[in-house]
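Participant: Spelled out, the chains give:
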Amino acid sequence: AQAQSSVTIYGIADMAVQAGNRGAGSGTKYALDSGEQGGSRLGFKGTEDLGSGLKAIFALEAGIYMDSGASQGGLTFGRQSWVGLQGDFGTVKMGRQYTPQFYFFDAVDPFDLGFTSGVAGGSTSTGGVFGFLSASSWRVNNSVSYQSNDMSGFSTMALYGFGEVAGNTSANRSVGINGQYAAGPLYVGAVYYKQNDAASNGLKSVLLGATYDFGVAKGAFGYSKDTTDNNTLDQKGYMLGVTVPVTAADNILATAARLQNNLASGANNSTQLAVGFTHSLSKRTNLYGSYSRVRNDANINGGGLAVANGATASLANVGIHHAF
Amino acid sequence: AQAQSSVTIYGIADMAVQAGNRGAGSGTKYALDSGEQGGSRLGFKGTEDLGSGLKAIFALEAGIYMDSGASQGGLTFGRQSWVGLQGDFGTVKMGRQYTPQFYFFDAVDPFDLGFTSGVAGGSTSTGGVFGFLSASSWRVNNSVSYQSNDMSGFSTMALYGFGEVAGNTSANRSVGINGQYAAGPLYVGAVYYKQNDAASNGLKSVLLGATYDFGVAKGAFGYSKDTTDNNTLDQKGYMLGVTVPVTAADNILATAARLQNNLASGANNSTQLAVGFTHSLSKRTNLYGSYSRVRNDANINGGGLAVANGATASLANVGIHHAF
Amino acid sequence: AQAQSSVTIYGIADMAVQAGNRGAGSGTKYALDSGEQGGSRLGFKGTEDLGSGLKAIFALEAGIYMDSGASQGGLTFGRQSWVGLQGDFGTVKMGRQYTPQFYFFDAVDPFDLGFTSGVAGGSTSTGGVFGFLSASSWRVNNSVSYQSNDMSGFSTMALYGFGEVAGNTSANRSVGINGQYAAGPLYVGAVYYKQNDAASNGLKSVLLGATYDFGVAKGAFGYSKDTTDNNTLDQKGYMLGVTVPVTAADNILATAARLQNNLASGANNSTQLAVGFTHSLSKRTNLYGSYSRVRNDANINGGGLAVANGATASLANVGIHHAF
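Protein chains in written order, with the numbering used here: chain V, 1 to 324; chain S, 1001 to 1324; chain L, 2001 to 2324.
Honestly, the hints are just simulated from the structure, not real lab data. Ideal Cβ placement from N, Cα and C applies to all residues, glycine included. Treat the hints with care, as some may be off.
Output of the computed footprint for chain V on chain S, the stretches with three or more beta carbons under 8 Å from beta carbons of chain V [unchecked claim]:
1) 1021-1030
2) 1069-1082
3) 1282-1293
List of simulated lysine-lysine pairs, DSS-like, C-alpha gap at most 27 Å [unchecked claim]:
4) L:Lys2283 <-> S:Lys1055
5) S:Lys1283 <-> V:Lys55
6) V:Lys283 <-> L:Lys2055
7) L:Lys2236 <-> L:Lys2225
The shape of chain V in the complex, shown without the other chains (with noise of 0.2 Å):
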């Protein structure tokens, strides 16, 4: 009798047997974990057809710490909160939402911002290639953004955060858009975004990567630099990575990236050497595995996934993703 078809429930639970080491003599921890393939979460969204092409949408997701039950980040709906009009023009959304950077990262990253880059027992705190890499955040409060609809294989997405400090437009704001094209096998994105702190101090993020889907396997590349306005980063990365389908059901995941950090002179790079597989039991149901590996120079600590500068963090999964 009572309608609900203005809103649809979805979600991910995603667990892994975890054994992590943060390197330089930590040990190696032992943990079961949430959201290493993809965040563990649960949503609410819908649509609604205002007439002529326009349509009311809104998103309220939860991102669930499963191995808890806490709310990821401490927040109720800390995924996303957003509400919007979408039309012939376009999408316009606000509320907290994805960075631009974040479309790029996960049409860029072989391992779907999952997998590669936590440490052991943290939640769905993994980022996967470019959370080692990037320093830019992936979701935005109080923001407003503009994503384009595809214009023969082009798109675009701005988006303006506000600071809310009185009298201050500058303290606390983000700004962002990012480009993409995208035809048959090939994809090719970039990303600018800046975002100040309280003191108007910008972290500058800018993000270039391309795929190839040669068939037998999909290439990408990614290149990342972070500066800020007051010097207290100044780092750049690359990724190389491939995913090879060996089976209709198993995927094959692999990635190599150097994050170099510019402020010190030599002995200044850290290297990601990642891979992993899945095997699909059905559409929204695959097992998995990964193990990946940062070892860092004596002068950075590349993601922070080690415990100090100059040590090497291992990180291995095994575990169960479950879309619903």
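Chain V is already provided as a structure; the job is to place chains S and L on it using the hints.
Facilitator: Chains S and L in isolation, oriented as in the chain V frame:
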């Protein structure tokens, strides 16, 4: 296969761009905020027919600051969480629920408890005209309420909120009652509410109001008086308001309200003026705008909206309200 | 249009008016509390058929203190959050989940883990007779469990909870196993559980119990023993209980339980007596009442329900329990 008929999912996604100034040189804050027209929320409710006209009813309603994904007031289901029975005798509810004055505010305030009296970037803390005029609470924990059915236009609600202090039934206790008469274009309502603090000092609130729908416009009048047993607060206020249906899809709203601090002997008035509009895109979705201004005399800070006594505050909103 | 067949929403809304006294002149506390018969909750669960008898299953269950709208234990999905696989081999689950002893408590306790042993106004912290008798946990984070299918009436569950301490697999670790046999009117169960603290000192719990349904009444017997490796706790307890189906809609429940603190040489017993009734309004909704009393000797505070050793505590509830 799975029957979900016993639960209805509903909610509101409401976001606005704001410019707010709390006066006295505090500077303008530009912000994106949640719940300006009506608090953003996700609710679950249900009704079970028990036979003989008796029904079991419940509601679990999460308030969401959609600008950040946080929960309203830090409570996962902080808007409403109650269970009850409904029948020929009326409705009894137990849990966290709306106070008798909430229903009065909702009926009398042209802004319907939204739009006008928040602080920019302050999330769902707007409170319409009565958020400015009244110090009494909208919701109360640990409470039992009784709501009568309609009796030839008259209805009433009584509420008792347990203080839950061992050996003391007075501390932290809340008691309240409302009465209203609605017939055709006329609504008249009154409320008495007393909310004790931990030392059993009561905040007593008296509210009176009426609305009359003339067709071309609906007029509203409200009166509010708050006093505490220990004389820490003594204020009264008046509100005049109007709702004008300009077209089938457009409404203009306006109110003028004055609050007086009786603990000061002069320069003790705060005046709020507010105008707003709503433009419906559908039955469930509308755009809105509003502007409100509070001018404090030297010995009052009406609703705490300005930074201090004697300052002048303003708030402008442009937003979207989507019910699902 | 939107398919929601993969998610089932379910829950319980349970509220009661209470009068509780923790003894020793603490005074009676009158309260409205949540979850006296069964913890108030909102859950989302699903099953996906993967073929060949294999299924993917998950549950996300929010515990709600409906008297305030807060989350149980401060965790959004703090009751259950797990994903697993189910098949001919049994069921494997990973996440935050019930311990082996929970299923034992649930089967043996006439009060079904509710009604009797909470503190007034303390929300869903009631725990039935075993909340009084046993110090072991109902739920555990970071855990993998295996539950067998039924084998001619016999079934078993084993659980391993990761301690997640680097270089140390013993600290904070939990391990447990249960076994039960159910045939016609008979149930017999046993549990062993060991839960280590950060210093690897284990709390060991042994539980034994049985129920037999004589038709006119169902009798229950339970035994509990808790000891710690470092001798900070050494207690054992017994429970006798009965459930009497007075009419098709009415049950009377009663238990007598005694807990003994073996670390004290005398005056070391705590006795709990509890009676209750349930009256069904439908299959999903019932009214209930209960009264329980705990009398401590001078050297024990059973279940921590009284204010101190030697005091006598009581709790009375009248409430409604609605499942959806």
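Participant: Using a Cβ cutoff of 8 Å, are there at least 3 residues of the stretch 1069-1082 of chain S near chain V, or does the coverage claim fail?
Facilitator: holds (count 4)
Participant: For a C-alpha distance cap of 27 Å, please report whether Lys2236 (chain L) and Lys2225 (chain L) respect it.
Facilitator: 4 Å, holds
Participant: Holds or violated: the stretch 1282-1293 of chain S covered by chain V, criterion of 3 or more residues with Cβ-Cβ distance under 8 Å?
Facilitator: holds (count 3)
Participant: Check the hint pairing Lys283 (chain V) with Lys2055 (chain L) against an upper bound of 27 Å on the C-alpha distance.
Facilitator: Cα-Cα ~13 Å, so holds.
Participant: Between Lys2283 (chain L) and Lys1055 (chain S), does the CA-CA distance stay at or below 27 Å?
Facilitator: 13 Å, holds
Participant: For the pair supplied as a hint, Lys1283 (chain S) and Lys55 (chain V), is the alpha-carbon distance within the 27 Å limit?
Facilitator: 13 Å, holds
Participant: Using C-beta distances, would you say chain V covers the stretch 1021-1030 of chain S, given that this needs three or more residues below 8 Å?
Facilitator: Since three or more residues must qualify, the claim that chain V covers the stretch 1021-1030 of chain S holds, with 7 doing so at under 8 Å.
Checked against the numbered hints above, the structure breaks none of them.
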